[in-house]
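**Q** So you can see what is in the structure, the chains are spelled out below.
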Amino acid sequence: MAVVTAAIWPALDYSRVPYSFYHDADLYAREQEQIFRGPVWSFLGLDCEIPNPGDFRASYVGDTPVVFNRDREGAVKAFVNRCAHRGALVRREISGNAEQHICIYHQWCYGLDGGLRAIPFRRGIRGQGGLDAGFDMRAHSLRPLRVGRINGALFGTLASDAEPLEDYLGAPILAQLDRLLDRPVRVLGYNRQRIRGNWKLYAENTRDNYHASLLHEFLVTFGLDRSTQVGGVKMDQRHRHNITWAEADSDNDEFAHQAYAGAGVRNDFLSLQEPALVAFRREREDKLNIAITSVFPSAVFVQISNSLAVRQIRPRGVDEVEIFQTMLGYEDDTPEMTQHRLRQANLVGPAGLVSMEDGEAIEIAHRASKPDLDRATVIELGGGGVISDRDYRVTDVPLRGFWSYYAELLGIEPDGAVR
Amino acid sequence: MRPDRLAVCDLLAEYGGLIDAAKFDEWLGLFSAECRYQVVPRENFDRGLPAALILCDSRAMLEDRIRALREANKYNIHTDRHVIGLPRIFDDGMIEAPFAIYQTDQEGETRLFATGLYCDRLEHNAKGCKIRDKLILLDSFAIPSLLSTPL
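The listed protein sequences derive, respectively, from chains W and X.
Each residue of the first sequence is one higher than the one before, starting from 538 at the first, in this note's numbering.
Each residue of the second sequence is one higher than the one before, starting from 1209 at the first, in this note's numbering.
To be clear, the hints were calculated from the coordinates, so they are not data collected in a lab.
Possibly wrong hints are sitting among the right ones.
Here are the in silico distance ranges between beta carbons for each label pair [stated by the list, open to error]:
id: 1; chain 1: X; residue 1: Ile1285; chain 2: W; residue 2: Asp650; range: 50 to 56 angstroms
id: 2; chain 1: W; residue 1: Ser925; chain 2: X; residue 2: Arg1255; range: 25 to 31 angstroms
id: 3; chain 1: W; residue 1: Ala544; chain 2: X; residue 2: Ala1268; range: 34 to 40 angstroms
id: 4; chain 1: W; residue 1: Pro590; chain 2: X; residue 2: Met1302; range: 38 to 44 angstroms
As the structure is a computational prediction, the values presented were derived from the model and not from experiment.
Glycine included, C-beta positions come from ideal geometry on N, C-alpha and C.
Please build the complete structure, drawing on both the sequences and the hints.
**A** Structure representation (structure tokens):
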């Protein structure tokens, strides 16, 4: 396969994306180097997952395994989970508490700051063997990440030249994280989904407002969310991140019936025996019942009704992605509110009543696009041209925002790019 | 009351067979009038975390789940095959049975879709056994593709 260059783009406004972007293994390797290990901030996990000194959790930055932990002074440190000696995974458990991290292979021992502390038989036995006296322990630490924190959400970057986290996220995303994480959260549980498709199909999916009420028929059929509601998309200045939002009770059945009937889409709204499953309890001044916050490249903070979650997109090679989802509640939730959130967790995740379809949509897009790499997807809902926020819902403009920043990081922006 | 082994084996055989035949109304008939059905990733169970992949804590919610599957949800076109192992039966009315579920797509390719443990509390009377509370502990909690038809 030829090396991808700026000449690959059929349209200057990123309204056409050649299928090769989802299937090119060389491109996948470049993404890991220039995006995930480049100047982006990746979501790692949550402060509340490691409350005590020594608590650690394994995570990923792209497909690079990392560990984040709390040191003796209470600071969060993160590093690549790979021994400086032979490249083995140092911390094999997903979570736990430890004084230090010891690689099982030759028991090289690292502190909670990732620094190399001890090497067995460093001086050999009876003066024979071991390492030369000149071996520099300090040059063989675990590779550190810079760690940033927004209201208990931990982000990390491997690039020393990454801009400050707050600047990277930008005002609209910060405002949304201030809103969703306005109180201490607790983890209700995790779920994982392995989708046989390229990770970018999922990154696009979370920015695609157009598909929601069409693919996820449950939303419309059972009255949780419709494109006729007041809503839209809001991006940061660089258009790399996006918030897809909608307001509860902002349309009416008659208008929605007409709109969906006019579009030739099923509109015989049904009701559930247990309506609590979709009942939205307002928790703040605003009326948002849908807020999907996608942070480039791989984090998604999700509010759907009263279910709260953060998803991490974990690429597993060019043909597979894991969606790792952490389900959240607030520490001060009543037991009854916790039960409500646990019930509404039915809406999301791999078995989610309004999300299971994404797994299938991504797999069929990945499968059918593979044989014809020169052809391209169409991204034109809400029009082409300059990328900007929209206060309506039948749009996929934020996908073009994603690709514009992707192209920038890979150094393949076309001359005269429209952003 | 310790459930009768033959009745338990019959119930488990019906349970898997009815899902594999996509007879979900009859499958719902295996649950008692008040029931709970949940699928919990082992990752959560082992850490004492409550979130489930599917939580139907009333019969109404379980019926809604099946209705949504029929009326609204779209998923990979497939058939299921349940292989349910010998149950352990306890004096307090609990049973445990290991399971494996294979999924086959339209082109005949089969993969192991799920494996884990059924932990069931049964209601046992003269008319037979019904499922009162089913906890499905999912060993294979990295869900391949998506989870649609009941485990």
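**Q** Taking the beta carbons of W/Pro590 and X/Met1302, is their distance inside 38 to 44 angstroms?
**A** 40 angstroms Cβ-Cβ, so the 38 to 44 angstroms window holds.
**Q** Between W/Ser925 and X/Arg1255, does the beta-carbon spacing fit 25 to 31 angstroms?
**A** Once the Cβ atoms are compared, 44 angstroms apart, the range 25 to 31 angstroms for X/Arg1255 and W/Ser925 is violated.
**Q** In this structure, is the beta-carbon distance linking X/Ile1285 and W/Asp650 contained in 50 to 56 angstroms?
**A** For X/Ile1285 and W/Asp650 the Cβ distance comes to about 51 angstroms; the hint holds.
**Q** Could you check the hint for me, namely that W/Ala544 and X/Ala1268 are 34 to 40 angstroms apart, CB to CB?
**A** For X/Ala1268 against W/Ala544, whose Cβ atoms are near 58 angstroms apart, the range 34 to 40 angstroms is violated.
The earlier numbered hints that this structure contradicts are 2, 3.
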